[in-house]
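Participant: Residue numbers (the numbering used here), protein chains in the order written: chain A, 58 to 355; chain B, 5 to 655.
Since the hints were derived computationally from the structure, they do not count as laboratory data.
Be aware that one or more of the hints could be misleading.
Short, incomplete list of chain B residues facing chain A, as computed with Cβ under 8 Å [unchecked claim]:
#1 Thr166
#2 Ala175
#3 Leu188
#4 Lys314
#5 Ala318
#6 Leu564
From the derived model, a few chain A residues whose C-beta atoms are all more than 12 Å from chain B [as the list claims (entries may be wrong)]:
#7 Phe76
#8 Leu137
#9 Gly146
#10 Arg182
#11 Gly212
#12 His214
#13 Ala225
#14 Pro229
#15 His254
#16 Pro259
#17 Trp264
#18 Lys265
#19 Ala270
#20 Leu290
Cβ atoms here follow ideal geometry from the backbone N, Cα and C, with glycine treated the same way.
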Amino acid sequence: MTLRSGRIYILPTSLGSAFGLMLFAMLLGSLNYGNNLGLALTFFLSALGVVAMHACHRNLEALVARAMDADPPFAGHEALFHIAVANPGRVPRCDLEAVATGAPESTVSVAAGSESSFTLRVPTRRRGSIVLERVEIATRFPYGLFRAWAVLHPGTHCLVYPQPARDAPPPPQEPGAAGGGAARRGEDDFAGLKDYHPGDPPRHIAWKAYARAGELLVKEFSGEAEVTPVFSLDDAPGSDLEARLSVLARWVLDAHARGLAFGLRLPGEDIAPEPGDAQRRRCLGALARFDAPEPDVA
Amino acid sequence: MSPEQAAGFRRLAWTTGGLVAALGPHLLRLKPWVSGFVLAACAWRLLAELRGWRLPPPLLRGMIAGTVTAGVFLSYSTITGLDGGTALLALMSALKLLEARNARDQTVLIFIGWFLCLASFLYAQDVRTAAWVLPTVWLLAAALLVVSRRGDDGPPLRPFRTTGAMLLKGAPIALILFSFFPRLAGGFWGAPSSERAVTGLTEEMSPGDISDLTLNDVVAFRVRFEGALPLRRDRYWRGLVFSQFDGYTWSRGDVQAFYREPTTRLDTPIDYTVTLEPTGQHMLFALDMVDRWTPGIARQSWDFSLRAAKPVNAVLRYEARSFPRYRAGEQITAGLRNLNLRLPPGRNPRTLELAGILRASARSDAEYIQAVLDLFRRQAFYYTLSPPGLARDSVDDFLFNTRRGFCGHFASAFTTLMRAAGIPARVVGGYQGGDWNPVGGYLIVRQSHAHAWSEVWLPGRGWSRVDPTAAVAPDRIERGIEASVAGSELLERGLMSDSEFAWQARMLWDNLNAEWNDWVVRFDRATQDEILSGLGFKEPGWAAFATALATGLALAVTLLALWLAYEFRPRRADPVVAAYRRFIRSLARKGIETGTGEAPRDFAKRVRRLRPDLSLPALAITETYLRLRYLPHPAAEDLRLLRNLVARFRP
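Take the sequences, apply the hints, and build the full model.
Facilitator: Dropping the structure here:
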């Protein structure tokens with residue numbers, strides 16, 4: 058969205074009001090003493106104020122702001138909303154601020170013809186999602202006498218994962234409801250090499266093969282020792298739904314950290330076991346969305 | 005030092021620098037302890053920031069504040085008024101500096117700095133002060149920019165440059181406000197009191213007073229003549245008349261009410277305009293014999309001098325007409341006659357004796373006057389810039405011992421001799437001569453032109469000017485002071501005339517000062533009315549002011565907006581990208597839009613799928629574009645080709 062002059066508002070700051078009062082006092086003094094140079098000083102500074110007002114307004118004009126995807130946090134952590142801001146002009150835009158309710162303001166400067174981004178750190182309280190409803194892009198540059206701002210309504214949704222339980226019991230060992238045909242991969246017996254995909258555990262990378270061929274390959278193992286777990290809401294202990302989801306989140310994280318393939322079963326949603334980052338994201342996302350409360354608004 | 009600490013120090017250094025610059029014009033004027041305290045506080049605060057010292061706790065600051073306020077009260081005997089107020093403002097800025105931790109404290113300091121600049125103008129409005137204050141205001145604004153910045157403020161001089169550009173953009177607005185903001189006739193709460201000592205003539209004259217002034221090259225007033233410049237010997241600028249003598253000091257006396265005798269004007273008048281520098285005195289200066297002057301500005305006293313109702317504390321301009329040939333006061337009242345014959349009893353006995361002897365051997369008053377002048381001329385009397393001090397009976401001491409004197413000594417001795425012989429006489433103080441400034445076409449009268457002469461009353465001739473100095477040193481009157489005393493004495497006093505170049509430079513500088521007085525310092529309601537009627541306003545009233553101000557401001561702000569719009573105009577796209585964008589846009593109009601992150605070749609493939617008829621030109625455009633963008637040395641004709649292809653591309 059391009060910031061246009063009609064949508065940019067401007068008001069003096071408290072410093073600007075103090076500056077105005079100072080000018081008024083100077084004006085009265087100079088008029089009373091019939092002091093022309095005092096008047097010249099007063100008018101010179103008043104003109105500076107007028108120029109500062111125009112420059113402040115201009116500092117926002119024609120900027121192109123774009124809300125980008127947010128990184129989902131765990132509940133209790135900060136959701137990071139990114140807003141890219143591009144300066145198509147020839148003049149650097151200094152000290153731009155992005156302000157959203159509950160988040161500390163983020164300040165960037167954008168060089169002429171370049172792009173930069175704000176990071177709004179919105180704290181989250183609970184699982185579910187959070188919406189960035191309203192953001193002010195503002196500036197007090199130069200001098201801090203005026204504050205110009207424009208309002209964005211990006212409406213960016215950000216999932217909030219359940220907070221992983223701290224002391225979760227280990228997941229139940231028996232494969233139980235695990236899908237019968239699931240590949241059983243473990244770490245016991247070397248089974249062959251396959252192409253690397255992001256998310257494969259780094260300790261499985263065949264570094265010797267990489268040194269030989271320059272290709273990233275991953276060792277595959279087959280074994281009976283570990284089965285592929287599929288975590289189910291029914292298996293998770295806990296007093297209420299949120300506690301059980303937290304336990305599930307902990308299990309998902311642990312399994313991902315060990316490089317295992319894992320699946321997730323929630324009422325109405327069944328995620329087949331797979332290893333990797335994408336699977337972690339998918340599962341945590343399902344936990345965040347499951348029977349989710351109304352999104353929080355930032 | 006961490007980067008944050010470095011940034012904190014930089015901010016503090018900008019603020020402190022601005023503050024010290026604003027204090028600059030005051031440092032010599034303030035009491036030494038005030039200047040010393042403020043400078044020490046500035047230095048200590050910067051060191052504390054560098055070394056990480058703790059700032060003084062509130063209790064200690066409170067104690068310092070109380071002490072210095074009491075100090076101001078003791079040294080200035082007031083904490084209001086210009087001197088006391090400025091001292092207090094300077095001290096408070098130092099105290100604020102001692103507790104300045106954050107941006108807010110520093111903005112307060114910057115505001116105080118601006119007030120100190122205003123105070124400098126209340127003391128002096130000359131070119132020198134303005135030349136100092138303008139960069140100071142600029143520096144303070146740059147400091148405000150540095151303090152208000154969130155991010156890095158770039159290279160060290162950037163804030164100064166940015167602020168300079170802003171001030172320049174604001175200049176038209178400031179000029180319009182200055183020109184059309186209506187000036188008040190008087191103040192809201194009374195005119196400022198005169199607290200400063202201005203060098204120049206005063207209401208009293210003791211031996212040596214005027215010769216002290218010759219040291220002083222400061223301009224007393226400037227005169228522009230309507231016609232030709234009057235002869236040097238006619239350039240007697242009457243300031244005030246001393247009628248009372250206590251044997252050592254001449255004074256104006258407390259006699260106020262006398263009938264001013266009519267004057268007879270002879271010959272042709274001289275019209276001129278005087279721009280008088282502030283004197284802090286009531287006297288105005290005019291050529292003898294003044295006949296007409298700017299109405300309401302002064303009254304002519306019974307001794308023919310002009311006196312303003314209020315002390316002249318600001319540059320004052322007035323017009324006047326004088327007749328160099330005149331006859332004044334042919335009738336004299338007994339009271340006035342007695343006043344001008346009075347001598348302090350028992351003082352200067354030898355002079356009285358001498359007067360008796362000389363008068364006895366003269367047949368008439370005129371002959372007696374001539375005899376006295378001859379005495380000065382023939383006997384060993386010297387005209388000198390550094391006369392020795394005189395005893396309590398100053399005329400006796402001068403006539404019979406030292407015999408070395410400046411104009412004041414001769415005038416005093418001559419007048420005493422006249423009065424002793426029964427001729428009504430008085431001393432007139434003022435200026436004589438003046439330097440012609442060919443650059444500006446006006447006469448500069450300096451303090452060094454200060455002069456004293458005598459007036460005697462003779463039956464049938466009235467008051468006539470007699471300048472005893474002319475008898476001793478005729479060159480003083482005819483050619484100026486440089487010609488009348490020995491070169492070594494001038495050299496000693498730094499009055500030797502300069503080289504041609506230096507002289508011209510001085511004349512240019514003086515002309516600048518004169519124009520400055522005319523256009524800036526003396527810019528008043530009358531000048532505004534003149535400008536307004538020049539702009540075609542029939543009757544300059546509030547409506548005219550409002551119209552001129554509003555129109556001027558609208559124009560100036562429009563100019564500013566245009567200037568900023570030009571500065572902030574978008575970058576011109578690279579011609580290659582611009583041509584390719586035209587291609588994209590023409591497809592977008594047909595509903596084929598590029599996806600986010602879609603590479604040009606992928607887009608071309610999609611175009612082929614969607615519109616096989618456009619496949620060939622789209623592919624050609626894409627390939628040419630890619631060649632231009634990504635080849636290390638793209639061919640110039642490719643750009644022409646791309647433009648042609650895009651121009652002919654009609655989806």
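Participant: Hint by hint, say whether it matches the structure.
Facilitator: Taking the hints in turn, this is what the structure says about them:
| no. | hint | verdict |
| --- | --- | --- |
| 1 | Thr166 | 7 Å, holds |
| 2 | Ala175 | 7 Å, holds |
| 3 | Leu188 | 5 Å, holds |
| 4 | Lys314 | 12 Å, violated |
| 5 | Ala318 | 6 Å, holds |
| 6 | Leu564 | 6 Å, holds |
| 7 | Phe76 | 8 Å, violated |
| 8 | Leu137 | 20 Å, holds |
| 9 | Gly146 | 5 Å, violated |
| 10 | Arg182 | 29 Å, holds |
| 11 | Gly212 | 18 Å, holds |
| 12 | His214 | 18 Å, holds |
| 13 | Ala225 | 40 Å, holds |
| 14 | Pro229 | 43 Å, holds |
| 15 | His254 | 21 Å, holds |
| 16 | Pro259 | 28 Å, holds |
| 17 | Trp264 | 32 Å, holds |
| 18 | Lys265 | 36 Å, holds |
| 19 | Ala270 | 28 Å, holds |
| 20 | Leu290 | 37 Å, holds |
This entry does not satisfy hints 4, 7 and 9, going by the numbered hints stated previously.
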